[in-house]
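Student: The lines below spell out each chain.
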Amino acid sequence: GQNIDQPTEMTATEGAIVQINCTYQTSGFNGLFWYQQHAGEAPTFLSYNVLDGLEEKGRFSSFLSRSKGYSYLLLKELQMKDSASYLCAVRDSGAAGNKLTFGGGTRVLVKP
Amino acid sequence: KAGVTQTPRYLIKTRGQQVTLSCSPISGHRSVSWYQQTPGQGLQFLFEYFSETQRNKGNFPGRFSGRQFSNSRSEMNVSTLELGDSALYLCASSPGGDLSQPQHFGDGTRLSIL
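Chains as they are written, first to last, in this note's numbering: chain F, 973 to 1084; chain W, 451 to 564.
Pulled out of the complex, with its shape left as it was, chain F reads as follows (with noise of 0.2 Å):
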């Protein structure tokens, strides 16, 4: 089975950085996804890493470390349109397609 822990909730300023970590134990790995999901929203993809290291897109960063079962969202220069709930997803290599497995979510609240 899969076990995916995340934080509940981080506040933040606007413009400042914030870093989700998210911990996960798994039977197989073949891959984690971010998502975003704002409030009465669908979650929307923001990065994915199936190798160790530290994968950029704009503000948005993740990294992941295999060995450790550790990855990381890291928001920069934080806006206010920044405020929902970040899914951190892990997919088991055991399993042929797209079967995620997902955290619960952390909710950021970000504040001018």
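Please keep in mind that the hints were generated in silico from the structure rather than gathered at the bench. Because the structure is a prediction, the values reported are computed rather than measured. Accuracy of the hints is not assured; some may be wrong.
Derived, one-sided and incomplete: chain W residues facing chain F with beta-carbon distance under 8 Å [as the list claims (entries may be wrong)]:
| no. | residue |
| --- | --- |
| 1 | Ser477 |
| 2 | Ser481 |
| 3 | Thr488 |
| 4 | Phe495 |
| 5 | Gly546 |
Note that CB positions come from ideal geometry on N, CA and C, so glycine has one too.
Starting from the structure of chain F, add chain W where the hints point.
Tutor: The following block gives chain W in isolation, referenced to the frame of chain F:
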């Protein structure tokens, strides 16, 4: 390119009834996955269909079933509805062959059981 379309957006049913939800994936996408989202349990995987075959299944009872048509559109059926089935049901599509390609979610169907 049109996104993932789910219908209906809202549904109200009573216990014991059954319901069918529909999902039209992004054009060219052959994989469709279904998820249940509730405040208590978060996003939970129901099943995935690829080329009209169920490729993966989550840990939900047999009352939850699905199918996929030759045009990749998918339906999900829940029979003998229970109060605990009240949730947002999300559908996500992806090309399916290259697993590095992310899933794209629809806006969901919000199902309320009275």
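Student: Give a verdict on every hint.
Tutor: We went through each hint and held it up to the structure:
| no. | hint | in the structure |
| --- | --- | --- |
| 1 | Ser477 | 17 Å, violated |
| 2 | Ser481 | 6 Å, holds |
| 3 | Thr488 | 11 Å, violated |
| 4 | Phe495 | 6 Å, holds |
| 5 | Gly546 | 7 Å, holds |
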